[in-house]
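Take these sequences, add in the hints, and give me the full structure.
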Amino acid sequence: MAHRSIAPNGAETHSPPPTTFVTFTAPTPTPVENIQITQDTVQIEKDLEALANDASRAYVDFNQRISRIRTLLNDILLRVSGSSKQLESTMGSSTSSLGFPTLSALPTPSNPGPVRNYSAPASTIVPTGTDSIYQIIPGKTYTASYTALITTTISDHGSASVATSAVPTYSLQAQPPVYQFDPDANDNLAVYWGQTPNTTADGLLQLCENADVDIVILAFLNQFYPENGQGYPGINFGPACDPASINQQQKAPGLLDCSRFATQIQACQALGKPVLLSLGGYLANTSFVSDNQAEHFAETLWNLFGAGREELGIRPFGPDLILDGFDIDNENHNTSFYNTFAASLRKQFDKDPKKKRYYISAAPQCPTPDESIPLQAMRQADFVWVQFYNNPSCNLNSTGFEKSVQDWAVQLANWTTSTNATVAEKTPKMYIGAPAFAEAGSGYVNGLELAGYLAKVKNLDLPNLGGVMLWDGTMGALNVDEFGASYLDYAKAAVQ
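Under the UniProt record's numbering, residues 1 to 496 are what the sequence shown spells out, in order.
Simulated from the structure, these hints should not be mistaken for laboratory data. It should be emphasised that the depicted structure is a prediction, and the values quoted were computed from it without experimental measurement. Among the clues, some could well be false.
Listed below are the simulated SDA-like cross-link pairs for lysine to any residue, each with C-alpha atoms no more than 20 Å apart in a straight line [claimed, not checked]:
#, residue 1, residue 2
1, Lys458, Ala270
2, Lys356, Asp382
3, Lys355, Gly308
4, Lys251, Ala211
5, Lys356, Ile322
6, Lys351, Glu295
7, Lys347, Thr399
8, Lys426, Asp182
9, Lys355, Pro183
10, Lys458, Glu402
11, Lys347, Gln293
12, Lys351, Leu312
13, Lys356, Phe181
14, Lys354, Arg309
15, Lys458, Thr399
16, Lys456, Pro369
17, Lys355, Asp184
18, Lys426, Pro374
19, Lys356, Glu310
20, Lys456, Val410
21, Lys456, Gln496
22, Lys458, Gln406
23, Lys251, Gln230
24, Lys356, Asp182
25, Lys356, Ala270
26, Lys403, Ser442
27, Lys456, Ser398
28, Lys403, Thr368
29, Lys251, Glu299
30, Lys354, Asn303
31, Lys356, Ala307
32, Lys403, Glu449
Derived Cβ-Cβ restraints for the label pairs, each shown as a range [to be verified]:
#, residue 1, residue 2, range
33, Thr200, Leu448, 24 to 32 Å
34, Asn292, Lys355, 25 to 33 Å
35, Lys403, Val178, 33 to 41 Å
36, Thr427, Gln180, 30 to 38 Å
We treat Cβ as the ideally placed atom computed from N, Cα and C, and that holds for glycine.
Spelled out as structure tokens, the structure:
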């Protein structure tokens, strides 16, 4: 609230012609939606005219109207700051007048008595600071402040002159995005990235900057042991990486130099968005032949992509970038030793001296039981995004969809004691996996239809529902309907 102090100075003089004026100097805003600046300006003009007419009769009325004017001025600032349309992120030093008038003076009474001057010093009407109401550009928060100087001259004979100088001061300084990933939420949106036709080398950061997206999964590490069951894995992230470095060519030819791409991953993490590495994909070589091999591969991943320090010379993303976890997307119909592998990943995570939080996810097909990822391995995951597509019996738009969702929720929630006593099973969050474009396969529905199916899922009140997974994020962002809404928009809004 505004704080106002009044201090008489004892000056005696004839009352000058009473005038009332308000002067605004402000940066020129760009057009914004649903802002009623014009209407508020007219209202202020009316109130100031009434103020000038009433000031000679009642100072109490003057105070009431000044308070109302302040409220309207505050409302203008809030409307400008709170618009859903985009203002220029940097307003610069340009100024413009908002067009408030200087009102004509009232007649001065004859024989005016002693005059006392009262002054209200500059007051902050809108406190500075950050608040969600000042959301102008998605991902950036702004602040605004307003100062005013009010000088009033009151005559003992009842006449008054009012000089009100009000200057709104915009402190439109972008603040860091206020976002914190919540792994326990039920409205997260996870998206894959890297393998669809419209994937671009710089597209990952654009996806992370999308307010709809909560988790990004890089696709893929698609070769576990390309050299006859030995050596180092192979990766493919579409156009994102450069050819293998000299060290990689000599020691791990299946790897790539992704050091330039790493800057986008770091930016995503700085935005609070976890970035996972998906292991597998269609036609990938993702089998184990023994428990020892599964354990060794978990350690290899830790040294190449986690906080391990034993393979610094060949790490694809450079020596310092650490991913946030791994996604198990085995599709080769061989579940052997995956329970050991998932447990071994957890053991590697525990080695981090900084105790960073890491995640494991799994991406089974919707028919149960899944032919490629064993249930025990999934129960050691944080997230399980079930693929309700490319499987006619349980596709998103099939008659068996809701029952399949319920079956999966029960299987993931009703756990028994793990046979591996060193790693406890979890109750993972289940995500509804859907294709984000028609060419992804059977089970695709448009955005409005997707919202309808997800509404049915929400009505099931599943305690372990985590949100939605889309294949993939790039295509989902480009899939925009006649209303201007993307597939990502529909997916996120449907689970909120």
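Do the hints match the structure? See the list:
Restraint check for Lys458 and Ala270: not satisfied, since their Cα atoms lie roughly 31 Å apart, outside the 20 Å limit. Using a Cα cut-off of 20 Å, the hinted pair Lys356 and Asp382 holds, with the two alpha carbons roughly 15 Å apart. Under the criterion of a C-alpha separation no larger than 20 Å, the hint pairing Lys355 with Gly308 is consistent with the structure, at around 13 Å. Between the alpha carbons of Lys251 and Ala211 the distance comes to roughly 40 Å, so the proposed pair goes past 20 Å and is violated.
Between Lys356 and Ile322 the CA atoms are separated by roughly 10 Å; this keeps the pair inside 20 Å, and the hint holds. This hinted pair checks out: Lys351 and Glu295 have alpha carbons roughly 14 Å apart, not beyond 20 Å. Taken as a hint, the Lys347 and Thr399 pair is broken in the structure, with Cα atoms around 41 Å apart against an allowance of 20 Å. Taken as a hint, the Lys426 and Asp182 pair is honoured in the structure, with Cα atoms around 17 Å apart against an allowance of 20 Å.
Note on Lys355 and Pro183: the hinted pairing holds, with a Cα-Cα distance of about 16 Å set against a maximum of 20 Å. Taken as a hint, the Lys458 and Glu402 pair is honoured in the structure, with Cα atoms around 11 Å apart against an allowance of 20 Å. In summary, the hint linking Lys347 to Gln293 is supported, as the alpha carbons are separated by about 15 Å, within the 20 Å threshold. Proximity of Lys351 to Leu312 is assessed by CA-CA distance (about 17 Å); at most 20 Å being required, the pair is judged to hold.
A distance of roughly 14 Å separates the Cα atoms of Lys356 and Phe181; the hinted pair therefore holds under the 20 Å criterion. Restraint check for Lys354 and Arg309: satisfied, since their Cα atoms lie roughly 14 Å apart, inside the 20 Å limit. Distance check on the hinted pair: Lys458 and Thr399 sit about 17 Å apart at the alpha-carbon level, within 20 Å; holds. The suggested pairing of Lys456 with Pro369 is violated, with an alpha-carbon distance near 23 Å, which exceeds 20 Å.
As the CA atoms of Lys355 and Asp184 are separated by approximately 19 Å, the hinted pair is consistent with the 20 Å bound. With a C-alpha separation of about 14 Å, the suggested pair Lys426 and Pro374 falls inside the 20 Å cut-off, and the hint holds. With a C-alpha separation of about 18 Å, the suggested pair Lys356 and Glu310 falls inside the 20 Å cut-off, and the hint holds. Between Lys456 and Val410, the direct Cα distance comes to roughly 17 Å. Compliance with the 20 Å bound is thereby established for this hinted pair.
For a cut-off of 20 Å, the pair hint linking Lys456 to Gln496 stands: about 13 Å separates their Cα positions. Note on Lys458 and Gln406: the hinted pairing holds, with a Cα-Cα distance of about 11 Å set against a maximum of 20 Å. With a C-alpha separation of about 12 Å, the suggested pairing of Lys251 with Gln230 holds against the 20 Å cut-off. Distance restraint check for Lys356 and Asp182: the Cα-Cα separation of roughly 15 Å lies within the 20 Å cut-off, and the hinted pair is therefore satisfied.
Of the pairs offered as hints, the one joining Lys356 and Ala270 holds, with about 14 Å between alpha carbons and a cut-off of 20 Å not exceeded. Restraint check for Lys403 and Ser442: satisfied, since their Cα atoms lie roughly 18 Å apart, inside the 20 Å limit. A threshold of 20 Å between alpha carbons decides the hint, and for Lys456 with Ser398 the separation of about 13 Å falls inside it, so the pair holds. A C-alpha spacing of about 11 Å is found between Lys403 and Thr368, which places the hinted pair at or below 20 Å, so the restraint holds.
The suggested pairing of Lys251 with Glu299 holds, with an alpha-carbon distance near 17 Å, which does not exceed 20 Å. Distance hint between Lys354 and Asn303 is fulfilled; the C-alpha atoms sit about 15 Å from each other, no more than 20 Å. A distance of roughly 9 Å separates the Cα atoms of Lys356 and Ala307; the hinted pair therefore holds under the 20 Å criterion. Proximity of Lys403 to Glu449 is assessed by CA-CA distance (about 18 Å); at most 20 Å being required, the pair is judged to hold.
With their beta carbons about 28 Å apart, Thr200 and Leu448 fall inside the hinted range of 24 to 32 Å. A C-beta distance of roughly 28 Å is found between Asn292 and Lys355, which places it inside the suggested range of 25 to 33 Å. Between Lys403 and Val178 the Cβ separation comes to about 40 Å, which falls inside the hinted range of 33 to 41 Å. Take Thr427 and Gln180: their Cβ atoms lie about 22 Å apart, and the range 30 to 38 Å is violated.
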